[in-house]
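Student: Protein chains in written order, with the numbering used here: chain A, 210 to 710; chain B, 210 to 710.
Derived from the structure by calculation, the hints contain no laboratory data. Remember, it's a predicted structure, so these values are computed and weren't measured experimentally. Do not take every clue at face value.
[What the hints assert, rightly or not] Derived Cβ-Cβ restraints for the label pairs, each shown as a range:
#1 A:E314 x B:E334: 53 to 61 Å
#2 B:Q309 x A:A533: 43 to 51 Å
#3 A:P321 x B:A555: 30 to 38 Å
#4 B:S510 x A:L644: 28 to 36 Å
#5 A:Q304 x B:E652: 39 to 47 Å
[Said to hold, decoys possible] Non-contacting residues of chain A with respect to chain B, defined by C-beta distances greater than 10 Å in every case (computed):
#6 R393
#7 A520
#8 A521
#9 E583
[Unchecked claim] Pulled a few chain B residues facing chain A out of the computed Cβ check, cut under 10 Å:
#10 Q229
#11 Q272
#12 V290
#13 R293
#14 G317
#15 H339
#16 A344
#17 D357
#18 A360
#19 H374
#20 I380
#21 V454
#22 L457
#23 D490
#24 G706
C-beta atoms are modelled at their ideal positions from N, C-alpha and C, and glycine is treated no differently.
2 protein chains.
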Amino acid sequence: MLIRRCLSSAASSLPPTIRQLLASPPSSPTAAIQVNGWVKSVRKQKKVAFAVISDGSSEPGLQAVFTDVGLAKQLTNGASVRLRGMLKDSPGAGQAKELQVSEAEVLGECDPETYPMQKKALTVEYLRDHCHLRARTREIGAMLRLRDSAATAIHDYFHNNGFIHVHTPIITSNDCEGAGETFRIAPSSDPPSTTPSPASSASTSTASSATTAQSTPSEYFHHPAYLTVSSQLHLEAVAAAISRVYTLSPCFRAERSQTSRHLAEFWMLEAEWAFTSSVDDVCTVVEGALRHLLRAHAASSEMEALWRARAAEGGADKRPELLALADAPQPWTRLTYTAAVDLLKAHHARTNAFVFAPDWGKGLQSEHERWLAEEHVRGPVFVTDYPASLKPFYMRANDASSPDHRAPGATVACFDLLVPGVGELVGGSLREERLELLEAAIERHGLDRADYAWYLDLRRYGGAPHGGFGLGFERLISWMSGIESVRECVAMPRWAGRMLL
Amino acid sequence: MLIRRCLSSAASSLPPTIRQLLASPPSSPTAAIQVNGWVKSVRKQKKVAFAVISDGSSEPGLQAVFTDVGLAKQLTNGASVRLRGMLKDSPGAGQAKELQVSEAEVLGECDPETYPMQKKALTVEYLRDHCHLRARTREIGAMLRLRDSAATAIHDYFHNNGFIHVHTPIITSNDCEGAGETFRIAPSSDPPSTTPSPASSASTSTASSATTAQSTPSEYFHHPAYLTVSSQLHLEAVAAAISRVYTLSPCFRAERSQTSRHLAEFWMLEAEWAFTSSVDDVCTVVEGALRHLLRAHAASSEMEALWRARAAEGGADKRPELLALADAPQPWTRLTYTAAVDLLKAHHARTNAFVFAPDWGKGLQSEHERWLAEEHVRGPVFVTDYPASLKPFYMRANDASSPDHRAPGATVACFDLLVPGVGELVGGSLREERLELLEAAIERHGLDRADYAWYLDLRRYGGAPHGGFGLGFERLISWMSGIESVRECVAMPRWAGRMLL
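Okay, chain A solo, but in the shape it has when bound (with noise of 0.2 Å):
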């Protein structure tokens, strides 16, 4: 309370917001007001006119009534005003709190005819080719308050949990594995070479001999330098002196592919942790966090907004099973990937369902993923110890004690979870910390073992055992709230062919 007091005597310069004045009105019902916002809507009758205000705050904006309906002449949607009046409780239906205007003043006039944002309905596409405004739709605002508040319930969780927040690097000499989605960088004044140089051709065992590798002059930082696609690797070294460390970060892959569920530019929940064994304890952690982001939005206005809005479009109103999962009384379903391959031939067998025959060692499409999510389980599943033929090089063997071994090192300690609607939300697994083993798997994936020399350090000197995982962000928001792309849940997306700003 101290606090709150002396940080509203620093920032004076900041008035409430419609939330705060909606929150906490005035104490007296007659104190002189002013709300700063734009306008949503204005309905002009003979003796009286209504507004509503946004300032985009809070998910219903503030009826504002003109008595003196002179006042309102100028109003006009998308206006910038302020307005003075007094804060009542409000005889109409739809809102607890109008304002009675008694001063209304137009800081920015908008021509109705030329305004873009036009109170008709308007399309997705529409408002990507217009990302500049969009934020001024109910959904985008709605959906920007939710990444706010999710970001914020995540960063409670992993700080209560003992985790500390790390900014990995966004520009990196890793490619990859090569896999030729990676975005290239160079400064304007010197762009890279049309020939990629091999990466690292010249480095050696050692880490630091990295600042004595062959320099190409003409690379800035004397290496070929890329966007990073996951800030694991990175989190790992951290987390093999801070023990407990995650990252809400961009990652960037160039994509070519045009789906729902992929961007060019997208962030990424990262965490990584010392002195955990199992997938199980992995998995405890990210049910852990997902139940305490969907607990702390169980009043979210912006999350019921934006399922209504989904309903109202003819879909599914889903958001009572999503919070109910919050308080589960069993743990959400696990389920090996040998036990899930089983479950999809049997179907399989049965409806003939699937474009794809399932077949043990081979990845799960899509199709599946959803069948298991939407139809199987009827929400979130965890599926563990994969092939290690599907994963990275960097995912810990299962040997004779894991749950689903064929042969030791035929699987791998990992997990993706799926969740309906959106299907891969999470991977994670164990990293394998045992220096033989990931020396053998990098070259077993034809990779340059020069260029993991510092990550096999990690190892080297007092490795522990040790996991993490990846959950996409906007893949998180779609989940949250129904909207249907991942596009609409970012401002300002970026994907082939599009980056407007």
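Given the structure of chain A, go ahead and fit chain B onto it with the hints provided.
Tutor: Showing chain B alone in chain A's frame:
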């Protein structure tokens, strides 16, 4: 309390960290506990052995006492261990509690002969060469925890004041006014042409036209794409709907200069808000944020340890004077640029102290900034209302009512916050919201109006007076901790010629 119980049950796979154990020791002193961590030092005597164990969660590690000396036999610096025992009051000086060890297990060995992180003092250059391991040092560990707690305090301040956090884009079409210090990007499989195509050569005056702009097929985004140098313009678009927004986001400058204050990749706190009409108000928010930040760190053992380390190297421990700023009864000093130049000129006339003679219309050199903050004010100083010719196009022109106009438009409503030891920590301004004046400024700065069509739209449709600022996060950490170079203020620094990992 209820929430905390739920949390720990959901994440029961996470045993308490050393920080948590020391903050809430088990109620029974004979309770068996388990500690995971790395050996920081070990001292073996005949009848007893001591080791300091760190799991990175707290500034002091945990002292472990082995009355069974055999248990400590395999312990070496850097090894990861799991210890079991009882947490007892420590008879020794330097710690309140110690672990009396009954079982010890080495999880990951560390050969003391080859371990790169020997106990002896390691130079900053050596640690930069081993940045995958340097989080294991006390200073870098403390810095990482300080970054985390500083970010948390920032989130708290802005949330308490009605702001929401927005993830602004990293990849942008804005080439930073062609300044050439940007990084350009392209898919690895399809590098950009060596001659950058002129920025938005074909875009027209409405934002939506970008979709129909002539595309260069080789560009992934159909436009040249850059890494952002600042989120400001994007934040302004969101602030024109959400009123109060901020971001803590990576920014990039392809600078060639090698200083202790510059990185190629750095994190910036940026905030923008609508309905603010004076630079003084913007400064008040910045000062409020920094006071809150310092107040939140009054008992920070990380800040204490970092200043102690600085003092041990012969520097001064400035922590008391920093913390005193949090509750200083007077607002921090504010000076106009004109007043600052007058002071600098008078000082220079008396002492001939500067290499560059101060003069109205010229930029403040770093020697000038240092003198103002370190010698004249001896604390933070806001310098306001710089000549328009020194500042970017978007800053609001001062008119006759402003404190320091010479002719209309001669100065702009801006400020730099200078602090001892660092120099410029924050820069901000009102943004020009008047359409005609902004158009004129774009022309005067030789920019292409078509590139800023979307930015002009923000003024055309319901524009509002607004302002904001940017704060370099690494510089903030340097200011709070006394760490000399920003290269030690981030986990894995990148600068010209330098990017490991």
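Student: The structure should be examined with respect to each hint, and the outcome stated for every one.
Tutor: Structure-based check of all given hints:
Against the hinted window of 53 to 61 Å, the Cβ-Cβ separation of E314 (chain A) and E334 (chain B) comes to about 59 Å, which satisfies the hint. A C-beta distance of roughly 46 Å is found between Q309 (chain B) and A533 (chain A), which places it inside the suggested range of 43 to 51 Å. A C-beta distance of roughly 56 Å is found between P321 (chain A) and A555 (chain B), which places it outside the suggested range of 30 to 38 Å. Distance hint for S510 (chain B) and L644 (chain A): a CB-CB separation of about 34 Å, consistent with the stated range 28 to 36 Å.
One distance hint, 39 to 47 Å for the beta-carbon pair Q304 (chain A) and E652 (chain B), holds here, with the actual separation near 46 Å. Look at R393 (chain A): its CB is around 5 Å from the nearest CB on chain B, not clear of 10 Å, so calling it non-interface is violated. Annotated as non-interface, A520 (chain A) keeps its C-beta farther than 10 Å from every C-beta of chain B; the closest such distance is 24 Å. Non-interface call for A521 (chain A) relative to chain B: holds, since the shortest CB-CB distance, roughly 21 Å, exceeds 10 Å.
E583 (chain A), annotated as away from the interface, keeps every beta carbon of chain B farther than 10 Å; the closest lies near 25 Å. With a cut of 10 Å, the hint placing Q229 (chain B) at the interface with chain A holds, because the nearest CB-to-CB distance is about 6 Å. Annotation: interface hint on Q272 (chain B) violated; nearest CB of chain A at approximately 18 Å, more than 10 Å. Because the smallest distance between the Cβ of V290 (chain B) and any Cβ of chain A comes to about 9 Å, under 10 Å, the interface hint for this residue holds.
With 10 Å as the threshold, the beta carbon of R293 (chain B) stays out of range of chain A, its nearest partner Cβ sitting at about 13 Å, so the hint is violated. Checking G317 (chain B) against chain A by beta carbon gives a least distance of about 4 Å; that is within 10 Å, so the hint holds. For H339 (chain B), the suggested interface contact is upheld, since its CB lies about 6 Å from the closest CB of chain A, less than 10 Å. For the restraint placing A344 (chain B) at the interface with chain A, the shortest Cβ-Cβ distance is roughly 4 Å, inside the 10 Å limit, so the hint holds.
Because the smallest distance between the Cβ of D357 (chain B) and any Cβ of chain A comes to about 4 Å, under 10 Å, the interface hint for this residue holds. At a threshold of 10 Å, the smallest CB-CB gap from A360 (chain B) to chain A is about 6 Å, leaving the interface hint in force. For H374 (chain B), the suggested interface contact is upheld, since its CB lies about 5 Å from the closest CB of chain A, less than 10 Å. The closest approach between the C-beta of I380 (chain B) and any C-beta of chain A is roughly 5 Å, which is under the 10 Å cut-off, so the hint is satisfied.
Taking 10 Å as the C-beta cut-off, the interface hint given for V454 (chain B) holds, the closest approach to chain A being about 8 Å. With a cut of 10 Å, the hint placing L457 (chain B) at the interface with chain A holds, because the nearest CB-to-CB distance is about 9 Å. Against a cut-off of 10 Å between C-beta atoms, the interface hint on D490 (chain B) holds, since the closest Cβ of chain A lies about 4 Å away. Interface hint status for G706 (chain B): upheld, as the beta-carbon distance to the closest one in chain A is roughly 5 Å, under 10 Å.
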